[in-house]
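Trainee: Residues per chain are reported as follows:
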Amino acid sequence: MARTIGIDLGTSNSAAAVMEGGRPAIIPSAEGTSLGGKAFPSYVAFTKSGELLVGEPAKRQAVSNPEGTVAAIKRKMGTDHKVRVHGKEYTPQQISAFILQKIKRDAEAYLGESVSKVVITVPAYFNDNQRQATKDAGTIAGLDVVRIINEPTAAALAYGLDKSEKEQRILVFDLGGGTLDVTIMEFAHGVFEVIATNGDTQLGGTDMDEVLMNSVITQFKQETGVDLSKDKMAMWRVREACEKAKIELSTTTTTEINLPFISADANGPKHLSTNITRAKLEELVNPIIERCRGPMQTAMKDASLTAEQIDAVILVGGPTRMPMVQRFVERYAGKKIQRGMDPMECVAMGAAIQGAVLAGEVKDVLLLDVTPLSLGIETLGGVATKLIARNTTIPTRKSQIFSTASDNQPAVEIHIVQGEREMAPDNVSLGRFTLPGILPAPRGVPQIEVAFDIDANGILNVNAKDLGTGKEQKITITASKKLEKSEIDRMVAEAERFVEDDKKRKEKVDAMNQAETLVYSTEKLLVDEAEKVQPAEREAIQKAIAELKEALKSNDLEQIKAKMEALTKETYKISARIYAEAAQKGQAQQAPPDQAQEPKSAEDKDSYVDADYKIVDEDEKK
Amino acid sequence: MVDEGANDSAAEACEGKQQAELERLEEEVKMLRGLLDEQTAMTMEHLELAKRIQADFDNFKKRVQREKEEVVRCANDRLVLDLLGTLDDLERALSANSNPDEIHSGVRQIQSNLSALLQSYGLREMPLTGRFDPNLHEALCVGDGEEGTILETFQKGYYLGPRVLRHAKVMVGKCGEEVKIDG
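As they're listed, the protein sequences go chains Y and W. Numbers 55 to 676, taken from our numbering, label the letters of the first sequence in order. Numbers 29 to 211, taken from our numbering, label the letters of the second sequence in order.
Hints listed in this document are in silico derivations from the structure and should not be mistaken for laboratory results. Keep in mind that the hints are not guaranteed to be accurate.
[To be verified] Here are the computed lysine to aspartate or glutamate pairs in the EDC-like style, where the Cα-Cα straight-line distance is at most 20 Å:
#: 1; chain 1: W; residue 1: Lys-90; chain 2: Y; residue 2: Glu-74
#: 2; chain 1: W; residue 1: Lys-90; chain 2: Y; residue 2: Glu-399
#: 3; chain 1: W; residue 1: Lys-79; chain 2: Y; residue 2: Glu-399
#: 4; chain 1: Y; residue 1: Lys-102; chain 2: W; residue 2: Asp-84
#: 5; chain 1: Y; residue 1: Lys-102; chain 2: W; residue 2: Asp-161
#: 6; chain 1: W; residue 1: Lys-184; chain 2: Y; residue 2: Asp-285
#: 7; chain 1: Y; residue 1: Lys-217; chain 2: Y; residue 2: Asp-254
#: 8; chain 1: W; residue 1: Lys-89; chain 2: Y; residue 2: Asp-423
#: 9; chain 1: Y; residue 1: Lys-586; chain 2: Y; residue 2: Asp-564
#: 10; chain 1: W; residue 1: Lys-89; chain 2: Y; residue 2: Asp-281
#: 11; chain 1: Y; residue 1: Lys-92; chain 2: W; residue 2: Asp-172
#: 12; chain 1: Y; residue 1: Lys-452; chain 2: W; residue 2: Asp-86
#: 13; chain 1: Y; residue 1: Lys-102; chain 2: W; residue 2: Glu-76
#: 14; chain 1: Y; residue 1: Lys-452; chain 2: W; residue 2: Glu-97
#: 15; chain 1: Y; residue 1: Lys-452; chain 2: W; residue 2: Glu-76
#: 16; chain 1: Y; residue 1: Lys-390; chain 2: Y; residue 2: Asp-285
#: 17; chain 1: W; residue 1: Lys-90; chain 2: Y; residue 2: Asp-507
#: 18; chain 1: Y; residue 1: Lys-560; chain 2: Y; residue 2: Asp-423
#: 19; chain 1: W; residue 1: Lys-79; chain 2: Y; residue 2: Glu-74
#: 20; chain 1: Y; residue 1: Lys-539; chain 2: Y; residue 2: Asp-555
#: 21; chain 1: Y; residue 1: Lys-603; chain 2: Y; residue 2: Glu-577
#: 22; chain 1: Y; residue 1: Lys-528; chain 2: Y; residue 2: Asp-509
#: 23; chain 1: Y; residue 1: Lys-603; chain 2: Y; residue 2: Glu-548
#: 24; chain 1: W; residue 1: Lys-184; chain 2: Y; residue 2: Glu-110
#: 25; chain 1: Y; residue 1: Lys-284; chain 2: W; residue 2: Asp-172
#: 26; chain 1: W; residue 1: Lys-79; chain 2: Y; residue 2: Glu-548
#: 27; chain 1: Y; residue 1: Lys-578; chain 2: Y; residue 2: Glu-561
#: 28; chain 1: W; residue 1: Lys-89; chain 2: Y; residue 2: Asp-396
[Stated by the list, open to error] On the chain Y side, residues computed to face chain W include the following (Cβ under 7 Å):
#: 29; residue: Thr-446
#: 30; residue: Ile-448
#: 31; residue: Ala-510
#: 32; residue: Ile-513
#: 33; residue: Val-563
No residue lacks a Cβ here, since even glycine has one placed at the ideal position from N, Cα and C.
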């Protein structure tokens, strides 16, 4: 069946997406990805030799061919405006059609099948004329426009807000390269209705690059007396570095702009080197963000809504990645920003979802959830061992083999925990049960298979089975224990905050577990190989064991590590001697090959058992 | 009498027939109910299976994505390791106490080593002159000169294997044009 493509036909950038395996995916532009992501600039150009260029190549030649280059044609959609290029006239629909044709070509190359059905997004404020013009552009491009939808609606679909049972009010803040659109929508009974829109058609991320650039150039002039604005090469390097710095400052609080040999005067070469903090950038762009205040206030007033009445906030466009922009929006609508999607891709993705719904491709039954937090069990020393990682799509099943922690342990307790922290007590306890009736055996020998199974409704079944006896126990944890989204966010954030602490604690528990295992296996060695161990060696080992046990009581990680090493050293002395003696004996006796193989294979078997035991134990401690 | 008897037996026969029919229908309903239950159970089973496969596919995609990131990281490891040699050389150049000319020739050597290293990874330089091609070059400005030719390269362009890694930033010739700054 032919697939329906979703298209975000933007003023400065355009993107397309398609449903793949039930999820929307951006169709990469044939020219490859740029700094701006998978979208491409909405540029169309006609070269003097009559060649038609769309996207990146068109933008790259714009300076040398301004009369043949068309940008931001979206602003003219639905008007009588005509573009005159090299003596030929084009309507805005025809120019847009060239962009759509490129998308069609890229999509066909990507999918390996022909594409004709599309959903195209338009701003919520577009009137009938503008919508019709957009549809006509599709027709000219040889596409069947199955629906025109509002950009904010597409963004809401991408975030799955249409899945909500209850009515909600959604604020969509779309700050692109050169335009701001604020839309307030109401969602009820499966329908999105726009209740207010406002914006500014000359406001966006490019203004931000500009102020940062000016600041850097002014500072350089003050320091060196050299005016870079006269030097086009230097200007271009500064522009590129500023764009990069702006993007970096969304995730870090400080960054460096380093441009060696940027210029030269009579005294020799000049290098530009400056630190930019996020605070400095925010101070610079503040006047630009302040310009968003008017449209925001007007939209809220037109909708007669207060911040408390907004249920969800969606951010669209690259500049909304800036923490300062997010804080600005939160001041008006509260901390309700939806996360998890690329703000530059969500409109195209929402259009693709709409396309698939219209084509009957998306059936509700197969829209699956993910586990918001990791699920696992508590193991030796209070470690939380994860079986199902967070963000795993459900239904799913995972199992792992665990073992006992002490000799002749009659039962194991399965304590199910949910969360991202390394230690079980820091996570949420979902339930616990005991699997009794384990046959007397040394630690690490019994094999207990623990299986987690979450069904599509989020109901978790945990089953523990003693693989030796076949005995089983299980528990069912229903979805009623599901956490609120805010609670999940809090837990994830907390895990990030404590990541170093938790690692240290886990390291300590791991060392202690290792030490206990070492004590156990060494004591076992003394019993099993009693006749081969000399009295002096036995004494040394027993002393080392006693010291390690003492260190374990002291709870000091460095002590434990040191004593473990000491004990290992003593043990190695014996094993080295025993092996050396065995080798000597073998040589002296000139044993026939099959006899010589006998002890070796027994040894193999021993080490095999040992390795097996270790694996089980490792699992237990992981 | 005969009639009556005949009627009676006829009625009885009729009743018996109806009874048999009823039993047969009840049997059939039971059978169909059983079949329906079976089919419903099967449908549910298939639905569950479809969901499981869809979830497995999703988780598979996530795993592939993680593995891809891991592969990229490993590939970077190799390149970064190779680049450390250049970093060492630059540090040596900075700590050297020789005259500027010698340092200059040392830096030139470092540059040629780095260039050779990157070439071994498939890097190729674009020519500095020729016709302007928006697929290879980006026009930063125009200058007085032959229409459509590259007058000056501000930043060299490179191919990596068959792809353009970086477009050359150039000044393009335009008849009767004063030098104009981008933007």
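Trainee: Each of the hints needs a verdict: does it hold here or not?
Mentor: Taking the hints in turn, this is what the structure says about them:
{"no.": "1", "hint": "Lys-90(W) with Glu-74(Y)", "verdict": "13 Å, holds"}
{"no.": "2", "hint": "Lys-90(W) with Glu-399(Y)", "verdict": "19 Å, holds"}
{"no.": "3", "hint": "Lys-79(W) with Glu-399(Y)", "verdict": "27 Å, violated"}
{"no.": "4", "hint": "Lys-102(Y) with Asp-84(W)", "verdict": "53 Å, violated"}
{"no.": "5", "hint": "Lys-102(Y) with Asp-161(W)", "verdict": "12 Å, holds"}
{"no.": "6", "hint": "Lys-184(W) with Asp-285(Y)", "verdict": "17 Å, holds"}
{"no.": "7", "hint": "Lys-217(Y) with Asp-254(Y)", "verdict": "31 Å, violated"}
{"no.": "8", "hint": "Lys-89(W) with Asp-423(Y)", "verdict": "15 Å, holds"}
{"no.": "9", "hint": "Lys-586(Y) with Asp-564(Y)", "verdict": "31 Å, violated"}
{"no.": "10", "hint": "Lys-89(W) with Asp-281(Y)", "verdict": "52 Å, violated"}
{"no.": "11", "hint": "Lys-92(Y) with Asp-172(W)", "verdict": "36 Å, violated"}
{"no.": "12", "hint": "Lys-452(Y) with Asp-86(W)", "verdict": "15 Å, holds"}
{"no.": "13", "hint": "Lys-102(Y) with Glu-76(W)", "verdict": "61 Å, violated"}
{"no.": "14", "hint": "Lys-452(Y) with Glu-97(W)", "verdict": "23 Å, violated"}
{"no.": "15", "hint": "Lys-452(Y) with Glu-76(W)", "verdict": "17 Å, holds"}
{"no.": "16", "hint": "Lys-390(Y) with Asp-285(Y)", "verdict": "46 Å, violated"}
{"no.": "17", "hint": "Lys-90(W) with Asp-507(Y)", "verdict": "19 Å, holds"}
{"no.": "18", "hint": "Lys-560(Y) with Asp-423(Y)", "verdict": "31 Å, violated"}
{"no.": "19", "hint": "Lys-79(W) with Glu-74(Y)", "verdict": "16 Å, holds"}
{"no.": "20", "hint": "Lys-539(Y) with Asp-555(Y)", "verdict": "25 Å, violated"}
{"no.": "21", "hint": "Lys-603(Y) with Glu-577(Y)", "verdict": "12 Å, holds"}
{"no.": "22", "hint": "Lys-528(Y) with Asp-509(Y)", "verdict": "15 Å, holds"}
{"no.": "23", "hint": "Lys-603(Y) with Glu-548(Y)", "verdict": "34 Å, violated"}
{"no.": "24", "hint": "Lys-184(W) with Glu-110(Y)", "verdict": "18 Å, holds"}
{"no.": "25", "hint": "Lys-284(Y) with Asp-172(W)", "verdict": "17 Å, holds"}
{"no.": "26", "hint": "Lys-79(W) with Glu-548(Y)", "verdict": "32 Å, violated"}
{"no.": "27", "hint": "Lys-578(Y) with Glu-561(Y)", "verdict": "26 Å, violated"}
{"no.": "28", "hint": "Lys-89(W) with Asp-396(Y)", "verdict": "18 Å, holds"}
{"no.": "29", "hint": "Thr-446", "verdict": "6 Å, holds"}
{"no.": "30", "hint": "Ile-448", "verdict": "6 Å, holds"}
{"no.": "31", "hint": "Ala-510", "verdict": "5 Å, holds"}
{"no.": "32", "hint": "Ile-513", "verdict": "12 Å, violated"}
{"no.": "33", "hint": "Val-563", "verdict": "26 Å, violated"}
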